[in-house]
Each structure stands twice: as structure tokens, then as C-alpha cells.
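Participant: Residue numbers (the working numbering), protein chains in the order written: chain L, 1 to 345; chain B, 1001 to 1331.
Simulated from the structure, these hints should not be mistaken for lab results. Any given hint could be a false lead.
Stated by the list, open to error - Computed footprint of chain L on chain B, listed as stretches where at least three residues anywhere in the stretch have a Cβ under 8 Å from a Cβ of chain L: (1) 1111-1122; (2) 1219-1226; (3) 1286-1293.
To be verified - Cβ-to-Cβ under 7 Å is the rule here; a few derived chain L residues that face chain B: (4) Ser-77; (5) Val-140; (6) Asp-141; (7) Asp-243.
Said to hold, decoys possible - Facing chain B, according to a computed beta carbon distance under 8 Å, are these residues of chain L, among others: (8) Glu-55; (9) Glu-56; (10) Val-232.
Yeah, the Cβ is synthetic: ideal placement off N, Cα and C, and Gly gets one too.
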Amino acid sequence: MKHITVSTLALCAALYGVAANAQAVTADKGGAADMVLLPKFLGILPFDQANRGAEEAHAELGNTGTLLYTGPTPENSVAGQIEILTTAGSQGQDVVMLSNNAGDQIGPAAEAAQTAGTKVVTWDSPIPSGQGETVFVAQVDFGSIGVVMADMAHSVMGGEGEFAVLSATPDAANQNAWIAAMEEALKDPKYANMKLVDTVYGDDQSEVSYNRALALVDSHPNLKLIMSPTTVGIQASAKAMQDEGLCDKVKVSGLGLPAEMVSYTMNGCAPEFALWSFVDLGYLTYYTSYMLATGKIKGEIGETFTAGRMGDYTIEEDPGRAGAKRILMGPFTVYNKDNVEAEAK
Amino acid sequence: MRISLGTLRIIVLLGVFAATVLFFASQIDGYLNARLFNRISGSVAVIALIAVGQAFVVLTRNIDLSIGSVVGCTAYFTGGILMAYPDLPPLLVPLLAMLIGGIFGALNGFLVARFRLPSIIVTLATLAIFRSILVQSSDGSSITTERLPVWLTSFATQNAFSIGELQMRWIVVISVVVVLVAHVFLTRFRAGRQFFAIGSNPDAAAFAGINAGRTIFLAFVISGALAGLAGFMFLSRFGNITVVAGLGLELKSVGAVVVGGVNIFGGSGNVLGVLIGAALIDVIDTSLVRWELVSEFWREAVLGLLILTAVAADTVLMRRLLKRKTDGGQQ
Chain L
1 MKHITVSTLA
11 LCAALYGVAA
21 NAQAVTADKG
31 GAADMVLLPK
41 FLGILPFDQA
51 NRGAEEAHAE
61 LGNTGTLLYT
71 GPTPENSVAG
81 QIEILTTAGS
91 QGQDVVMLSN
101 NAGDQIGPAA
111 EAAQTAGTKV
121 VTWDSPIPSG
131 QGETVFVAQV
141 DFGSIGVVMA
151 DMAHSVMGGE
161 GEFAVLSATP
171 DAANQNAWIA
181 AMEEALKDPK
191 YANMKLVDTV
201 YGDDQSEVSY
211 NRALALVDSH
221 PNLKLIMSPT
231 TVGIQASAKA
241 MQDEGLCDKV
251 KVSGLGLPAE
261 MVSYTMNGCA
271 PEFALWSFVD
281 LGYLTYYTSY
291 MLATGKIKGE
301 IGETFTAGRM
311 GDYTIEEDPG
321 RAGAKRILMG
331 PFTVYNKDNV
341 EAEAK
Chain B
1001 MRISLGTLRI
1011 IVLLGVFAAT
1021 VLFFASQIDG
1031 YLNARLFNRI
1041 SGSVAVIALI
1051 AVGQAFVVLT
1061 RNIDLSIGSV
1071 VGCTAYFTGG
1081 ILMAYPDLPP
1091 LLVPLLAMLI
1101 GGIFGALNGF
1111 LVARFRLPSI
1121 IVTLATLAIF
1131 RSILVQSSDG
1141 SSITTERLPV
1151 WLTSFATQNA
1161 FSIGELQMRW
1171 IVVISVVVVL
1181 VAHVFLTRFR
1191 AGRQFFAIGS
1201 NPDAAAFAGI
1211 NAGRTIFLAF
1221 VISGALAGLA
1231 GFMFLSRFGN
1241 ITVVAGLGLE
1251 LKSVGAVVVG
1261 GVNIFGGSGN
1271 VLGVLIGAAL
1281 IDVIDTSLVR
1291 WELVSEFWRE
1301 AVLGLLILTA
1311 VAADTVLMRR
1321 LLKRKTDGGQ
1331 Q
């Protein structure tokens, strides 16, 4: 009997604990935190949109510290990111918000920054090993991106035939994770008649992606679809198919910006593609970072907080990376000819 | 029969080119067809223009490493101007692009010729500076196909004429014409020969009354203007221009120039060879993607190795042939 009582008490305590954790923490406005938003490189629309979201949150929270949007130039992305992160640590910045393009190479620099008291919050693309990373703000669940890509391929190809992937760089952590997730999703019997025949890399450059897309068509005469999980690659592939009059034969799908894809969706070259809001991603990343910097959250699993207009979020274990933590934003939108025009404006 | 050294080099290069194509034909199913030509000619057209400009600079014992950023800047700025003024007369647009590129080139030329700074340092710096100007002034937005005039985005795929399935696109025709004009200018005109003179013996050129500073300045302006024209074609071909446009083209152009037989220390070379060099590099690059034996991670290394092999084969063959010629008593 006594035994049961103790258990019950323990259960109550446990439940109480859960309830306490579920109580969302809200931010105190007007704190002081110096923040650095560090994209893969400067000058590409999605990152600029993320910065807009961060600026919105910065103004809303009345942060008396600074928000610095800085990044390397495109040709110097990997070395530049490591350098900026290292500098931010020694300057005593409070948080660096990083969209990682340097794979695990940036891990030691992130760890050094943490030791110096600078938190490293990743967004868009995490540090694969999680080394030196406080938490990752994931745009969508990486596993569900895989399912959505597989589903778009299924719908565009009518459920059967050969398709290929045109990705960004061979060491882009986010794209690699999404492709792996798609391959996992493809094991479902629903996709049994679809065959992924090739994966190539366009380095996130229009000209390389354009030529790779055409090379794919030439290598695989029965190709029905190019799946490109990168905004540069999907646009270049669609242009290549349109230029060579191949749209009837080979369709394009993947992750793209409505403003860049609208004509290809309307003319049938790219009937379906998906994306999330980079403005929201920047906004949520900023809220997370601000609350970490002002000590409202510690970055531990189970902590729940309110991110302004976007509502409540909870820190959880990252299912894709053992030992790492993430905050899941979601959801994302699938665009087709019914909704793309409105969004492109 | 007398064959000049230059002609011999072209013949050897053509041989290496044919061997490369045959090699890939033996490795890749359905490789040799008209489509291959249509695919590769378009991108060679862009690279060849840049490489010819680079050749002018290399002939004078200099190098232009800023060229990738110049292509990116002209493509972006020309696109930006067209989005603001879509009614510009089409013929004016390539000239505008050449003017923008020429200004970048003039800046390089001024620094190198006026202050006698090493061109490798100057253009390495301007490579970064021009790219940063592009990044800063773009403010993160890209040029998109939707907002460009239709004549521009369809220009890159328009045929001048076609032979059977072989399509000769306008950009290819223009590029070949530029190469031919450059060739005639360099070999038949006094002003053209001056580029060789400066590179092969600067002191003798000075004694002969050639203004080295002005010639070097001109080489950089030509390089910039041709990069500008390439930027126009780039804009037409890809439509969507981000700040990474043209990244790495400087290496491709130097590669084409060296493979094409221009002496990297100046003074000798032939732009017809440069055209073949550009085509050779592009064929290797495109074909490697289709060659299943090479994974993505090894592609760059294999490309480098094949370029080395091509250059080595060219050098060895040239030596052999030269020796035979001398032995035959025909020098």
C-alpha cells in the first residue's frame, strides 16, 4: 500500500514537472543582447528574407543590443564562416545565428565561441555533429521534407518512372539530410515503381546547375523528373528544360521561391514545388537566440517558450542527429498553378 | 611542305580534342550525337569570349584574375538596367554590357600600367572587390527571368542556322566571329603584333617605340569588354542572376588559355588555339558528369588531371613533331 502511495506521489511529481515545463516562457522586452546573423553567404534572396524576419523580432523585442547581419562572400563561404564565428567569439557577442555551410569543419570554432560565452544557434543548416551548437532551429522536420519530396515526385511522375536529384554542394548538411530522408521515404511500397537513378551537384550556381540538368537528361534517356532541393538548382533546371524544349518529357520539382518559379509552374515545366517562409525562420531564430541570451531559457530539452506572433515552441531532441537539440518550425507550403501566382507578387 | 609552328600547334590540339571525344564516346552510351554539340557549344561560347580576353592579357606577361567577378557584375548590372528600362533597343544592350565590363577592365589596366603593380596582385584584389561591390549593391535580391524582356531570355537559344540536327546558335556565331576578328587583329595588324612584342621582349619593344603602358592598359580593357559581352550572354542564357554568377570563371579562362597553347610567360600564342582549349575543357567537364566511373567528389581532381594530361600530351607531341621537322631539314 505504502509502495503504491510513493509511486503515486512520484507520478504526481512527474506530471507536475511536465506541466511546469509546458508552461511557455515569454520574453522580457528591452533586454540587451548583441546578436550576429550569419548566413551561408551574402546576397541570396532567402537569407535576406531571414534577415528581415530577424529585424522584425529585434524591433519588436526592443533589444538595446545590436543585430549585425554579416556573412562571407560566396567564393569564400567555408573559410569566411569559420573566421566570422571565431571573431564573434573573441568580440564577446552574445549569440551567433548560423546557417552552416562548412559541415563539421566549423565545430571547433563553434566550441571555442561557446567557451568564450557566445551561444551558437543554428538555423536552416545545422552543424552535422552538433559540436558547439546550442540548438538548431529547423525550418521543417527533415524527415517530412523527404516525404514531401517523394510525394511531389509521385504526383508529377504519375507514380512511376526514373528521376534524378540535382542538389547544391556535396557537403551542404541540409540538402544531404533531405536527400537521405527522401531515399528513406522511397522505401514505402507506394513508391515502388519510382526509381532514383542519379544524384548530381550544381554548387548552387545557375550555370553549373543548368549544365548538370542537361547532362542528367542526356545520361538518362528515360528520365521523367529532376528533383532539386535548392532554390538555385530548381530554377536553373526549369530554365534548361524550357530552353531545350524538354518540358513535355522531363518535369522539374523540389524546393523553390515562388517569385522565381511562377512562370515555370504556369507553363507546366515545374508543376509542383515546396518551400517554407524564410522570414518566419529568421524571426523564430531571433526569438530563440534572444531568450537564450537573456537567460529566459537554457537551451535544454523540454523547455517551451512563446515566440511572439508565431506562438509556442519546445526544444526537443533532434531525431536526425543523436545528442543534438532542435526547435521545429514547420509547416511548409506546396505550390502549384492554383496558388503560386498569388504568392509570387 | 612548310607548316608554321602555330598551325602545327592547332593541328595537335585538334588531335587531342578528337581523342578526348572518342575516349568519352567509348565510355558513355549514346554520347556522340548532335545534342552533344548543341549542349556544349552554348557554354563554350561564353567561356571562349572570356578566354580570348584573357589571352590578350597573358600575351603581355600579365594575368586577369578578376574576370569571374566582372562577368557576374556585368550580367547583374545589365539585368538591373533592363528591369528598370525594359524598352532599351536590343542592339544597345550588348554594347552597354561591354561598356560596363570595359570600365572594370580599365580600372585593372590603370592600376597595372600606371603604377606598375604586379597584375596577379591587382586582379586578385579586384576579384574580391568587384564581387563585394556586387554583393553590397544587390542587397540580396536576384535578377529573375520573369522581369527581363522576352527577347533577351530567348536570345540564347535562337539559332542563326542549323545543319540537320546541329543547331548553330547566335551566341555561338558571335563568339566565333569575335575569335576570328581577334585572330586577324593579332596576326595581321601592327597594333595587334604589339601585344606579342611587349610579352616576348619588353626592352626590345621599348626600343622599337612601343608604348608598353598603353598596350597593357588596352589588353585589360579588351579583357574587361569581352567579359562584359560574356556577361550579356550569361544573362541571356541563365536569366536568373544571383551574386554568385560567374564564380570561378577566371580559372576556367586561364585553363583554356594555357591548354590552348598561349605561353603563360607571355609573347606567344594563338587565339584559335584558345577557342579549342575552351572547348576541350568544357567537353571534359560536361562529360565527366556523365561518366559513371567518376564520383562527384573526384570530378574536380579528374578534371585537373585530364587538363594536365592534355597539356602534357600537347607538349610532348609538339616536341616530337618539331624534332622531326628539324631532322627533315625544314626549319
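Participant: Evaluate each hint against the coordinates.
Facilitator: Checked hints:
Check on the stretch 1111-1122 of chain B: 0 of its residues sit with their Cβ under 8 Å from a Cβ of chain L, so the three-residue criterion for coverage is violated. Look at the stretch 1219-1226 of chain B against chain L: 0 of its residues bring a Cβ nearer than 8 Å to a Cβ of that chain, fewer than three, so the hint is violated. Interface restraint, the stretch 1286-1293 of chain B with chain L: holds (3 residues with C-beta to C-beta distance below 8 Å; minimum three). The interface hint given for Ser-77/L is broken, as the beta carbon of that residue sits about 9 Å from the closest beta carbon of chain B, more than 7 Å.
For the restraint placing Val-140/L at the interface with chain B, the shortest Cβ-Cβ distance is roughly 22 Å, beyond the 7 Å limit, so the hint is violated. At a threshold of 7 Å, the smallest CB-CB gap from Asp-141/L to chain B is about 27 Å, leaving the interface hint violated. Interface hint at Asp-243/L: satisfied, since its Cβ lies 5 Å from the closest Cβ of chain B, which is below the 7 Å cut-off. Below 8 Å, beta-carbon pairs count as interface contacts, and Glu-55/L has none with chain B, the closest being about 12 Å; its hint is therefore violated.
The closest approach between the C-beta of Glu-56/L and any C-beta of chain B is roughly 15 Å, which is over the 8 Å cut-off, so the hint fails. The closest approach between the C-beta of Val-232/L and any C-beta of chain B is roughly 7 Å, which is under the 8 Å cut-off, so the hint is satisfied.
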